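Given chain L, put chains B and G in place with the hints provided.
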Amino acid sequence: MPTLRELAELVGGTVVGDADLSILRVASIAEAQAGEITFIANPKYLSLLQQTRASAVIAAPGAEAPHLSLLVCRNPYLAFAKILTFLQVRRPSPQGVMAGACVHPSASLGEGITVHPGCVVGENVTIGTGTILYPGVIVYADVVIGEECTLHAGVIVREGCRIGNRVILQPSAVIGADGFGFAPDGSRYYKIPQVGIVEIEDDVEIGASSCIDRAALGVTRIRRGVKIDNLVQIGHNVVVGEDTVIVAQVGIAGSTEIGRHCTFGGQAGTIGHIKIGDNVMVGGQSGVTGSVGPNQVLSGTPVMPHREWLKASMSFARLPELRKDVTRMKRQLAELEMLIKER
Amino acid sequence: MPTLRELAELVGGTVVGDADLSILRVASIAEAQAGEITFIANPKYLSLLQQTRASAVIAAPGAEAPHLSLLVCRNPYLAFAKILTFLQVRRPSPQGVMAGACVHPSASLGEGITVHPGCVVGENVTIGTGTILYPGVIVYADVVIGEECTLHAGVIVREGCRIGNRVILQPSAVIGADGFGFAPDGSRYYKIPQVGIVEIEDDVEIGASSCIDRAALGVTRIRRGVKIDNLVQIGHNVVVGEDTVIVAQVGIAGSTEIGRHCTFGGQAGTIGHIKIGDNVMVGGQSGVTGSVGPNQVLSGTPVMPHREWLKASMSFARLPELRKDVTRMKRQLAELEMLIKER
Amino acid sequence: MPTLRELAELVGGTVVGDADLSILRVASIAEAQAGEITFIANPKYLSLLQQTRASAVIAAPGAEAPHLSLLVCRNPYLAFAKILTFLQVRRPSPQGVMAGACVHPSASLGEGITVHPGCVVGENVTIGTGTILYPGVIVYADVVIGEECTLHAGVIVREGCRIGNRVILQPSAVIGADGFGFAPDGSRYYKIPQVGIVEIEDDVEIGASSCIDRAALGVTRIRRGVKIDNLVQIGHNVVVGEDTVIVAQVGIAGSTEIGRHCTFGGQAGTIGHIKIGDNVMVGGQSGVTGSVGPNQVLSGTPVMPHREWLKASMSFARLPELRKDVTRMKRQLAELEMLIKER
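The listed protein sequences correspond, in order, to chains L, B and G.
Going by my numbering, the first sequence opens with residue 1, and the numbers climb by one from there.
Going by my numbering, the second sequence opens with residue 1, and the numbers climb by one from there.
Going by my numbering, the third sequence opens with residue 1, and the numbers climb by one from there.
Calculated from the structure, these hints are not laboratory results.
Hints may be right or wrong, so weigh each one.
Heads up, the list lumps identical chains together, so a pair's fine if it works in one copy or across two of them.
Unchecked claim - Using 25 Å as the maximum straight-line C-alpha spacing, the simulated SDA-like pairs for lysine to any residue come out as follows:
#1 K191 to Q88
#2 K191 to L87
#3 K275 to A30
#4 K191 to P94
#5 K191 to G35
#6 K275 to D203
#7 K191 to E147
#8 K191 to A141
#9 K191 to P43
#10 K275 to T289
#11 K275 to D202
#12 K44 to E31
#13 K191 to S255
#14 K44 to G12
#15 K191 to N75
#16 K311 to K324
#17 K44 to T14
#18 K191 to A60
#19 K191 to T3
#20 K191 to R5
#21 K311 to G293
#22 K191 to V72
#23 K191 to T14
#24 K311 to Q296
#25 K311 to T327
#26 K324 to L310
Given the structure is predicted, the values throughout are model-derived calculations rather than measurements.
If we strip away everything but chain L, and leave its shape as in the complex, we get (with noise of 0.2 Å):
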């Protein structure tokens, strides 16, 4: 078990109270007991630590807790995960290919990997080093993966498609299903064939059931250290863009490309064919309806500035009130009118 000490020294903090206290594990304020370590990233919730029975706190300068020991550094939420990561992760051992799974002999295999029972991996896969394919991962041909990813179970990564080091991908997330493309014929449709990829860049996670469809011809690209929620829709041939945040149930529509360091808040939504700059933040429900400059806060469907969409709903639940004065003005005026006319 380690001690505050050390724990203070993987995250570059100090320790204020007892170096030497062996630490457990990490748990929330409310249910930590002696030996674990509690964390407060908001220092409103400062006062919640009077009852607290954890050993140990980890929070920002100025915080004061004389009944704990403290671990004071600069981003207690971000000491708290490398904290949370170096107490209670382990990477499962290596299992190599077991029995139940089924690997096309074609398939090209790093060393500490493992293949759960129900996989299936298709001609030509290359699987980098120690990268997990959970139960029941499907792997169509000639796709490439990289190292030290986690496949969850249920993932489907189909044919050609390209993922990087360090993907995690969650249960059930669809990699590379054909994009929504079809050119009238009359009144009937005829499939326009989708022979693009995907392609999956490094430290990227995908959500759960979350679908990134491969391009039409191309590739569809999800750059470095993107994070995208559960039940995500990315259409053909978007580009997104690194260090990008999608929260739950967003779509973003065929051939939009997003810039760095965006957040889209939860069942937003944009339409095809348009470009999004960097740093921009799309409030949850919004729907970016063209083409938008970087570092803006935007609100609304269509989007506003998220000021403006503030004050805009507002209002917006006093339109009959305004409604009705208006409609009492017009008769006033008129009353006046015809008063000032008679005279």
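Here is chains B and G on its own, set in the frame of chain L:
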């Protein structure tokens, strides 16, 4: 084949007409044939009874249909559900662990279970009496599943999650994927390990491809009797209260607590870290952006009382007209002011 | 390798330039190389032809590109789709029931089928000639699947459902999960058994992780030629008319009937038990809350004519300004009234 009298006893109703009639099955008013029973849940459809070929009908007191036998009861819709279950639902006879299933030897299996081909059941899993795992269900290590549950094909339950009794999971539901949590580390994001679990209590049903994320720390909890439709997203550390109903494509963000007996219309969403009281109805596509008290009907984004939303929405359509009115009135006012000052 | 002349014959077009040119594949304007053909679907991109390295281009009559050979035809987009299919799509050669698939002996299998490893096919299932089941497809008992269908990995088809010919189901599509039906029984809910089926007619495509629920009684019907994108929810007893297009994340609630040749934009939704006429276009994120007649373009929640919605949305952004105007005018009016009465 049961008689109409037996069905009336089953649901606590009374027969008007031929109580000895044998009833084969339930069918809709339009499609029912001789030997079949239909139902009228809404009195406004009573006239449709003239044309049905059914032999009997489940109806509320007061219904008249001289050519049919009536099963009269106070809640015809509930009686319909019970009779349909009685006549047409048979739980398949247990098959044990079938060939092509992969069950870890440490798993504890109750009596009368069925584990279909293509299932993978991990270490230290417990499965209760009478539970059925349809083909391709994946259960990670340390999961506990109760009695008489039905896990349809493609369901995934990740490590350590707990499922009560009589729970129904529709195909491809994902229980216990990682919650969406990342700590900013400069411009990049550091994954916060999601070491909590999901706990699903008795008599819950969860729809196809819905995702219930595991807690970061602690438990994401779906309480007794909750009914969740397809493609719903429940974030980490959410609590959903007893008998709450969540329609398709709703998203509940992390750490939000929902009361008992609420209803969320399709595609509605909530932000995280809020509380929603008991008996709250949220309209389809609405967005709940702050905590709300009990016993309310809400709509819109952000939500407001449903009646106000209806009025505001009607006014919305007339906004351009309203703006024209205001522009014209401005001019009129200016003219009047001029006129008065001139005098 | 086919010549440009052969491709022109395939699509009913004419060649301007070197008809004997051999064409290897289709590529986008930006990426095409010598030996490749590209296309211009939209005349506004004609200037891009200056820079392309393609050897030939599919274009509408009137296009000029002296350095390229032209394949001129009235519908270049359709021609592109047909040529792409001709050049780059090969249906894999049939493999029969592969090792690692689990097919019930009572199943009836057509000629030239492929059932990949990890598939489970239940009792009394019928699979037509030339149909492919990719790995991990689960087909419950009594399902009928037509000819030349493609069921991608992870697709689930529940008991008794019927699928026509040339149907494409993208990965993890769920056909025939229980509809969402519960009868209130005091504060609790009693499950209404969903004993109907789903029927999918010829030439339908359904996207990844989309869910088509089985009927309570009767049939949920997806008619010939319907195209459904990813993560779409179709409720029980819905009917979707021929050649209707439904974009990603749309939700259609139970018992709603949609006409022919409609289009639903992404994330749109409808309530249940309504009728939507033929040739209706519903904008993205819109909400249809009542029946609507044919031949309309609608947007908003609740929907209104699209043009009106555009105007109302523009006015919405200016609502705060409008309220200020009205407040100011109220004061002016009061002052004027005072002034007049004083005289």
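These are the hints, each one checked on the structure:
1. K191 to Q88: Between copies only: 13 Å across, 49 Å inside.
2. K191 to L87: between (51 Å within a copy, 14 Å between copies)
3. K275 to A30: Between. Shortest inter-copy distance 18 Å satisfies the 25 Å Cα cut-off; intra-copy 45 Å does not.
4. K191 to P94: Between copies only: 22 Å across, 42 Å inside.
5. K191 to G35: Only across copies: K191 and G35 sit 24 Å apart there, 61 Å inside one copy, limit 25 Å.
6. K275 to D203: Classified as within; 23 Å inside a copy, 34 Å across copies.
7. K191 to E147: Result: close only across copies, 17 Å inter versus 35 Å intra.
8. K191 to A141: within (22 Å within a copy, 30 Å between copies)
9. K191 to P43: Classified as between; 22 Å across copies, 56 Å inside a copy.
10. K275 to T289: For K275 and T289, the Cα distance is within 25 Å only inside one copy (10 Å; across copies 28 Å).
11. K275 to D202: For K275 and D202, the Cα distance is within 25 Å only inside one copy (23 Å; across copies 37 Å).
12. K44 to E31: For K44 and E31, the Cα distance is within 25 Å only inside one copy (18 Å; across copies 54 Å).
13. K191 to S255: Within one copy only: 18 Å inside, 28 Å across.
14. K44 to G12: within (24 Å within a copy, 57 Å between copies)
15. K191 to N75: Cα proximity of K191 and N75: across copies only (14 Å, versus 51 Å in one copy).
16. K311 to K324: Answer is both; intra-copy 20 Å and inter-copy 12 Å each pass.
17. K44 to T14: within (22 Å within a copy, 62 Å between copies)
18. K191 to A60: between (57 Å within a copy, 20 Å between copies)
19. K191 to T3: Only across copies: K191 and T3 sit 23 Å apart there, 62 Å inside one copy, limit 25 Å.
20. K191 to R5: Close across copies (23 Å), not inside one copy (62 Å); limit 25 Å.
21. K311 to G293: Both: 22 Å inside a chain and 23 Å across chains, each within 25 Å.
22. K191 to V72: between (59 Å within a copy, 21 Å between copies)
23. K191 to T14: Classified as between: cross-chain Cα gap 23 Å, same-chain 62 Å, threshold 25 Å.
24. K311 to Q296: both (17 Å within a copy, 24 Å between copies)
25. K311 to T327: both (23 Å within a copy, 16 Å between copies)
26. K324 to L310: Cα proximity of K324 and L310: in one copy and across copies (23 Å, 16 Å).
Checked against the numbered hints above, the structure violates none of them.
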